[in-house]
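**Student:** Protein sequence lines correspond, in order, to chains A and B.
Each residue of the first sequence is one higher than the one before, counting from 45 in this note's numbering.
Each residue of the second sequence is one higher than the one before, counting from 635 in this note's numbering.
There could be a bad hint or two in this list.
[Unchecked claim] With a straight-line Cα cutoff of 30 Å, these simulated DSS-like cross-link-like pairs (lysine-lysine) come out:
| # | chain 1 | residue 1 | chain 2 | residue 2 |
| --- | --- | --- | --- | --- |
| 1 | B | K908 | A | K154 |
| 2 | A | K201 | B | K907 |
| 3 | A | K162 | B | K821 |
Honestly, the hints are just simulated from the structure, not real lab data.
Computed from a predicted model, the values in this text were never measured in an experiment.
Residues per chain are reported as follows:
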Amino acid sequence: MGKLILKVEDLYYIYGNGKSALDGVSVDIYEGEKIAVIGSNGSGKSTFFLNVDGVLTPEHGKIIYRDTVINKKNLNELRKNIGIVFQDADNQIIASTVRAEVAFGPMNLKLPKEEVLKRVEEALTYMNISELKDRPPHYLSGGEKKRVSIADIIAMKSEIIIFDEPTAALDPLNAQILEKVLLKLGCEGKTMLISTHDVDFAYRWAERVLVFCEGKIIADGTPLKIFQNKEILKQANLKQPTMLEVYELLVEKHLLEDTKVYPKSTQEFKKILEK
Amino acid sequence: MERIIILCAIFLMSVFFFKWKHRDGYTNGDGTHHHKIRHKHGEGSLIDFYAYASKIRHWNATFKVSLSILILILCIVFDNPYVSVVIIIAMAYLTVVKGELSVTEYLSILAIPIAFILLGTFTIAIDFSKQPMGQYNQYLGLGYVFTSQAKLKNVFFLILKVFAAISALQMMTLSTPSSEIIYVLRKAHVPKLIVELMSLIYRYIFILMDVYTKMKNSAKSRQGYCDFKTSCYTFGNIASNMLVISLKKANAYYDAMEARCYDGDLIFLEEDKKVETIQIVTAVAFIIFLTLLWIFT
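With the hints as constraints, model all of the structure from the sequences given.
**Tutor:** Shown next as structure tokens:
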């Protein structure tokens, strides 16, 4: 486990209409972790992300980034180091060409122009959208827009990247491309938080799972531990990943030996069957 | 006067020749179906599609904007029919031949201002009186509508002038995307507030149109436009819903901007494209030619 990078202590957030969205959230995040944040709609995931990024100011609670307590003065430090890829790319894309859009973050960081151009090129190549750079965002497809919004954050070179439901509204091919990008980012040691409703994806990808329910984190642990705990799943209105369910059924019917090696993908499952 | 009419006739003939040749190209093809850029209902519109498709888009934006504005000013200041005709031809050449916009589309774009110009100048050409007067008059029950050759000539020259001015601006809008025009304005030290508003409005027009199209389509699929009364009702509902959605979207946008370190200044990356010497030389030569034409006629 790496160094502690972000510490959230006892976070409370209440919306303007009096509805409580976060109800005492505490979590420690370490360098290079791949965290899946799951929970039903309205359980406070997005609010949590906006609070962590300093966009919303919590009612009560502390956010500590690398030993500095975040207050109003060093808020930009937090925003610089945490990037959010929003759920709806159309709510994020602001400039009128892809190149200007990807450069928006680095420009706000007040970097010299050469550095900005270098970062934009890198980010566009990273997301494989270099040929789109002069296109206006309104002539892009949904998948392309998503990739542009990810390139936005990559260009900022933030240490922690938060994805708010990245796989929603993507076709299987684009979802696959996204997963490859996530693996690549993981190899580079980025800390990632991804909120998702796709339990199969969370089970496959994450090293750690946070379960949100009514503004609280009700469970925090490895995917296997969380998804085997039927009580938590029921409380958070989630279902078990198909792979895990199938595996457990096969073990129950004595068709497979219970080796405690849980397959995470179809390939791994195939290997077990071939043994 | 005659010379101008001949010039115009030549221009029109060349346009029709172009169009005819173009159609020939279509029919001689392998019979595949060609998709044209056209406004269709139910899928939003393509305001600046032509600018992005233009082949002279890579030209330096400042050059294009200043050329078109300079020509516009010259056209108005010189107030000379020969100059106007030359400008109309030159701008059509730039847009259609250099920019590779099809003639049909260019004409259909110009047709909109033409309708307004004709309506506007028609009232200048004619006059009313109780007695029959002027070179040409027509009794219309209550009084006479009359006009004269000199007046018609004036109107014709006016139409040419306005048309030339419009085609100069049209050359700019059909070859330069709005973001680049905004960039030129920023370089020309137009107040920051206006420039920022322009770029935001430009971006959000498309989002609003998108939302509107979606809502309209979904209303249509539920018989929201079955008769006139329902249509009005649906339109009102969509309009009020749009307001709510724009407020929501504004909030979401602000959050997204803040998450990327926005701190009050909208700064976008803008790049200069190179101006080729040949372009400047041609432009200067063209302007000198216009001036000479004005002096000698």
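**Student:** The structure should be examined with respect to each hint, and the outcome stated for every one.
**Tutor:** Cross-check of the supplied hints:
| no. | hint | verdict |
| --- | --- | --- |
| 1 | B:K908 to A:K154 | holds (25 Å) |
| 2 | A:K201 to B:K907 | holds (28 Å) |
| 3 | A:K162 to B:K821 | holds (23 Å) |
The structure meets every hint from the earlier list without exception.
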